[in-house]
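> Order-wise, the sequence lines are chains A and B. Using our numbering, you'd call the opening residue of the first sequence number 410 and step up by one each time. Using our numbering, you'd call the opening residue of the second sequence number 410 and step up by one each time.
Just so you know, the hints here were simulated from the structure itself, not pulled from any lab data. Be aware that one or more of the hints could be misleading.
[Claimed, not checked] Straight-line distance between alpha carbons at most 30 Å, and here's what the computed DSBU-like set of lysine-lysine pairs gives:
no.: 1; chain 1: A; residue 1: K653; chain 2: B; residue 2: K667
no.: 2; chain 1: B; residue 1: K667; chain 2: B; residue 2: K614
no.: 3; chain 1: A; residue 1: K667; chain 2: A; residue 2: K679
no.: 4; chain 1: B; residue 1: K653; chain 2: B; residue 2: K449
no.: 5; chain 1: A; residue 1: K679; chain 2: B; residue 2: K518
no.: 6; chain 1: A; residue 1: K679; chain 2: A; residue 2: K614
no.: 7; chain 1: A; residue 1: K653; chain 2: B; residue 2: K518
no.: 8; chain 1: B; residue 1: K653; chain 2: B; residue 2: K679
no.: 9; chain 1: B; residue 1: K714; chain 2: A; residue 2: K653
no.: 10; chain 1: B; residue 1: K714; chain 2: B; residue 2: K614
no.: 11; chain 1: A; residue 1: K653; chain 2: A; residue 2: K679
no.: 12; chain 1: B; residue 1: K515; chain 2: B; residue 2: K653
no.: 13; chain 1: A; residue 1: K667; chain 2: B; residue 2: K653
no.: 14; chain 1: A; residue 1: K679; chain 2: B; residue 2: K653
no.: 15; chain 1: A; residue 1: K449; chain 2: A; residue 2: K714
no.: 16; chain 1: B; residue 1: K518; chain 2: B; residue 2: K449
no.: 17; chain 1: A; residue 1: K667; chain 2: B; residue 2: K679
no.: 18; chain 1: A; residue 1: K714; chain 2: B; residue 2: K653
no.: 19; chain 1: A; residue 1: K515; chain 2: A; residue 2: K653
no.: 20; chain 1: A; residue 1: K714; chain 2: A; residue 2: K679
no.: 21; chain 1: B; residue 1: K518; chain 2: B; residue 2: K614
no.: 22; chain 1: A; residue 1: K614; chain 2: A; residue 2: K667
no.: 23; chain 1: A; residue 1: K714; chain 2: A; residue 2: K614
no.: 24; chain 1: A; residue 1: K653; chain 2: B; residue 2: K653
no.: 25; chain 1: A; residue 1: K679; chain 2: B; residue 2: K614
no.: 26; chain 1: B; residue 1: K679; chain 2: B; residue 2: K714
no.: 27; chain 1: B; residue 1: K679; chain 2: B; residue 2: K667
no.: 28; chain 1: B; residue 1: K667; chain 2: B; residue 2: K653
no.: 29; chain 1: A; residue 1: K667; chain 2: A; residue 2: K653
no.: 30; chain 1: A; residue 1: K518; chain 2: A; residue 2: K653
What you are looking at is a predicted structure, and each value in this text was computed from that prediction instead of being measured.
Number of protein chains: 2
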Amino acid sequence: YTMTLGVEPTRPATDYGYIRRGAALPEAEGAFAVARFVEKPDAEGAAALIADSALWNSGYFLFRADLMLAELEAHAPEVLSAARAALDNATTDLDFVRLDAAAFAKAPKISIDYAVMERTTRAGVLPVSFPWSDVGTWDAVWQVLPQDEAGNALRGRVEVLGTTNSLVHSEGEGLTTVVGLDGVVVVATPDAVLVTSKAQSGRVKELVGVLRARAHPEADAHRRMYRPWGWYQRVDIGERFQVKRIMVTPGGRLSLQKHHHRAEHWVVVKGTAEVTLNDDVVLVHENEAVYLPIGSMHRLTNPGKIPLELIEVQVGSYTGEDDIIRVEDIYGRSSG
Amino acid sequence: YTMTLGVEPTRPATDYGYIRRGAALPEAEGAFAVARFVEKPDAEGAAALIADSALWNSGYFLFRADLMLAELEAHAPEVLSAARAALDNATTDLDFVRLDAAAFAKAPKISIDYAVMERTTRAGVLPVSFPWSDVGTWDAVWQVLPQDEAGNALRGRVEVLGTTNSLVHSEGEGLTTVVGLDGVVVVATPDAVLVTSKAQSGRVKELVGVLRARAHPEADAHRRMYRPWGWYQRVDIGERFQVKRIMVTPGGRLSLQKHHHRAEHWVVVKGTAEVTLNDDVVLVHENEAVYLPIGSMHRLTNPGKIPLELIEVQVGSYTGEDDIIRVEDIYGRSSG
Numbered sequence: 410y411t412m413t414l415g416v417e418p419t420r421p422a423t424d425y426g427y428i429r430r431g432a433a434l435p436e437a438e439g440a441f442a443v444a445r446f447v448e449k450p451d452a453e454g455a456a457a458l459i460a461d462s463a464l465w466n467s468g469y470f471l472f473r474a475d476l477m478l479a480e481l482e483a484h485a486p487e488v489l490s491a492a493r494a495a496l497d498n499a500t501t502d503l504d505f506v507r508l509d510a511a512a513f514a515k516a517p518k519i520s521i522d523y524a525v526m527e528r529t530t531r532a533g534v535l536p537v538s539f540p541w542s543d544v545g546t547w548d549a550v551w552q553v554l555p556q557d558e559a560g561n562a563l564r565g566r567v568e569v570l571g572t573t574n575s576l577v578h579s580e581g582e583g584l585t586t587v588v589g590l591d592g593v594v595v596v597a598t599p600d601a602v603l604v605t606s607k608a609q610s611g612r613v614k615e616l617v618g619v620l621r622a623r624a625h626p627e628a629d630a631h632r633r634m635y636r637p638w639g640w641y642q643r644v645d646i647g648e649r650f651q652v653k654r655i656m657v658t659p660g661g662r663l664s665l666q667k668h669h670h671r672a673e674h675w676v677v678v679k680g681t682a683e684v685t686l687n688d689d690v691v692l693v694h695e696n697e698a699v700y701l702p703i704g705s706m707h708r709l710t711n712p713g714k715i716p717l718e719l720i721e722v723q724v725g726s727y728t729g730e731d732d733i734i735r736v737e738d739i740y741g742r743s744s745g
Numbered sequence: 410y411t412m413t414l415g416v417e418p419t420r421p422a423t424d425y426g427y428i429r430r431g432a433a434l435p436e437a438e439g440a441f442a443v444a445r446f447v448e449k450p451d452a453e454g455a456a457a458l459i460a461d462s463a464l465w466n467s468g469y470f471l472f473r474a475d476l477m478l479a480e481l482e483a484h485a486p487e488v489l490s491a492a493r494a495a496l497d498n499a500t501t502d503l504d505f506v507r508l509d510a511a512a513f514a515k516a517p518k519i520s521i522d523y524a525v526m527e528r529t530t531r532a533g534v535l536p537v538s539f540p541w542s543d544v545g546t547w548d549a550v551w552q553v554l555p556q557d558e559a560g561n562a563l564r565g566r567v568e569v570l571g572t573t574n575s576l577v578h579s580e581g582e583g584l585t586t587v588v589g590l591d592g593v594v595v596v597a598t599p600d601a602v603l604v605t606s607k608a609q610s611g612r613v614k615e616l617v618g619v620l621r622a623r624a625h626p627e628a629d630a631h632r633r634m635y636r637p638w639g640w641y642q643r644v645d646i647g648e649r650f651q652v653k654r655i656m657v658t659p660g661g662r663l664s665l666q667k668h669h670h671r672a673e674h675w676v677v678v679k680g681t682a683e684v685t686l687n688d689d690v691v692l693v694h695e696n697e698a699v700y701l702p703i704g705s706m707h708r709l710t711n712p713g714k715i716p717l718e719l720i721e722v723q724v725g726s727y728t729g730e731d732d733i734i735r736v737e738d739i740y741g742r743s744s745g
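Chain A on its own, in the form it takes in the complex (with noise of 0.2 Å):
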C-alpha cells in the first residue's frame, strides 16, 4: 500500500482536501483503505465530511520504492519514463546532482494524488491527530505564531500602533511600523514589501504571476543569488559601478572568466582567498585587496577550511552579469 497521513479535523475547513475511510486495513493496525479523495468542500460538505469521519489531507505519502514504481508504470507511464531519462543524464557537481533538464521537462505536469493516489486500487490513510496546519498562507502562518494580547504575530524589527490580528515580519536591517489596521498581513524584506490583509493572503500566488507578467526580477530570483560555489548579494549600485558581496565556500572555485567593460577591486573581509590574475596566483587575505584591471584574466578560489567573503567593487560603463566571459568553469556553466 501506499499510505498516507489524514489528520482528524479540529474544524471544518474548506481550505483543504479530504479522505473518506473504506475497509479496515487488515495488515496495518489502525489503518483504512482510502474510499475517496474529496476537494475542498463548502462549509456544509465539510461538516457532513466530518460528520462521516473523513480525515484531512495532509500530503504526507510514505511508501516502499519498488511499489511506487510499480504504480508508475502502471498509472502515470510517462512521468516514470521522463525521470528515468532525467536520471540517466544527470550530471554531478560537488554536492549537486542535476538531473537532464530536457528529459525532465517531457515530464506530464501532474501532482502524485492525481498521477497514482486517485487511480491506484493500493491507496491506505493512517489517522493521526497531531496539531497540523498546511500552512499555505501568511493567514495560516499568523494562526501558527505566537501571537500577543493584540492578536499580532510580530517578528523583527517592528513597531505597530493601534494595530490588532495582524502579521508583521521584518528581515533585514529595515524597521517597519503599522498603524491603525486590523487583520493585515506585512511581510518586509530587502527585496521585496508585501501588504495584504489575512482574508485575501490567498491571492499571493495569483500577484506572483503578475510580477512575472510584468517581468520584475523578485518574482523568481532573490537578492542573494546561490551559486555552485557559494553565493553573491548587491549591496550597492550607481551610475558607473556595483558593489556586491560574495561568498566562497571551502574548496569553492569560480569560473576562469573576464569582462568587457568593467574593473574589479576584491577587498577580503574573511577568509583567504586564491586569485589567479593573468599568469599569477597569489593568496589574498583578510584585510588585504586585489585589483583586476578590464580584460584581465581571473579566478577566485577558496583554497581554506572556513568560508570567504568578500567586498567587490565594481567600476566601468556597464556592470551586468551577462559581461562575463567564461574561459573554463567546473561547474560546467557557460553563462549566467
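Fit chain B to the given chain A structure using the hints.
For chain B alone, coordinates are given in the frame of chain A:
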C-alpha cells in the same frame, strides 16, 4: 500689518484652522482685519464658519521685518531676546550659519500664531482662492496626487492587485506589492516601511513618539547621513566589516582622523580624491584604490570640480562611528 493668506474654503474641513474676517482694511484693497482665529472646529462649526465667510488659515505670513521685531518686542520679548543671542553667538562654516544652540534653546516653544498673531491688533487677512492643501497627512498626499481609475496613487516600483483608493510609495530598488486592500497607505524606503490607513494616517506623529521612546534610530536619522562635507550611507555590514558609500562635495574636506579598531579600503568610483596618509598626500582617481592601515592618520578631500564618490570597506573588530579620533576639523567638530 502682518498679513496672512486666508484660503476660501471648498468644503467644511474639520482639520484646518479658520479666520473670521473683520472690517475691510482701507490700506489694502480686498484685505480685511482679522476678527478672530478659530481652532479646528467640528463639522457643524465648520459649516457655520463658512456660512459666515470665514477663511482657512493657510499659515502663510507676510510682514515687514521692522514691524515683526516691534510685535515680538511687545508680545513675545523672550522669543526675540533668545533669537538675538543665538544670532550674536552664531558661528559659520562654509555655507552654514550655525546659531548658538544654548541661546536658541532658551526661546519659549511657541508658534508665531499664538505669540504674535492672536495678540496683536495689527493682523490682516487677504482672501485667496487657489487650490490649497496643507498636506499634513498621508491622506492629504493621496488627495493631491494623480490617481488611476481604481483611485490608487502609485509611485516607484509598485504592483497592486485588487487594491483601491490607496497610496503606495516605494523608494529605492525594492519592489512594493499590495493585495486586496482598500484605503491603505504604504510608504517603503530603504530605511523603513510604514503601513497605515488613510483614516488613521494622522497618527504618524504619535508613532514617531513611540519610535523615539523605544530608541529606534529611524525616529531621527536617515540611512544617508548628511555632513558639512557631503554625505555617507551604510550599504552593508557584517561581523567584522562594514561598507559605506561616501560622497564629498567639490572642495569638501573630512577631518584629519585615525581609528583604533579598523583599517579602511577606499575605492574611488567617481571623481578624484586627495588623500592624506600620514606624511604623504596622493591623488586617487576613478577606479583606483588606497589602503589606510589601523592607526594611520588620514584625511579625505575633494580637490576637484565634480562630486567625489567612493566605496569604503572597513575591516576590523569594531566599526562604530565613535571610533573616530579627530585631530583637526575645518568644520569645528570634536566628535560625531
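> Work down the list of hints and note, for each, if the structure agrees.
Each hint tested on the structure:
no.	hint	result
1	K653/A to K667/B	holds (27 Å)
2	K667/B to K614/B	violated (40 Å)
3	K667/A to K679/A	holds (24 Å)
4	K653/B to K449/B	violated (46 Å)
5	K679/A to K518/B	violated (52 Å)
6	K679/A to K614/A	violated (39 Å)
7	K653/A to K518/B	violated (48 Å)
8	K653/B to K679/B	holds (14 Å)
9	K714/B to K653/A	holds (29 Å)
10	K714/B to K614/B	violated (41 Å)
11	K653/A to K679/A	holds (14 Å)
12	K515/B to K653/B	violated (38 Å)
13	K667/A to K653/B	holds (27 Å)
14	K679/A to K653/B	holds (17 Å)
15	K449/A to K714/A	violated (51 Å)
16	K518/B to K449/B	holds (21 Å)
17	K667/A to K679/B	holds (23 Å)
18	K714/A to K653/B	holds (29 Å)
19	K515/A to K653/A	violated (37 Å)
20	K714/A to K679/A	holds (12 Å)
21	K518/B to K614/B	holds (18 Å)
22	K614/A to K667/A	violated (39 Å)
23	K714/A to K614/A	violated (41 Å)
24	K653/A to K653/B	holds (12 Å)
25	K679/A to K614/B	violated (43 Å)
26	K679/B to K714/B	holds (12 Å)
27	K679/B to K667/B	holds (24 Å)
28	K667/B to K653/B	holds (17 Å)
29	K667/A to K653/A	holds (17 Å)
30	K518/A to K653/A	violated (37 Å)
Going down the numbered hints, you'll see the structure goes against 2, 4, 5, 6, 7, 10, 12, 15, 19, 22, 23, 25, 30, while the others check out.
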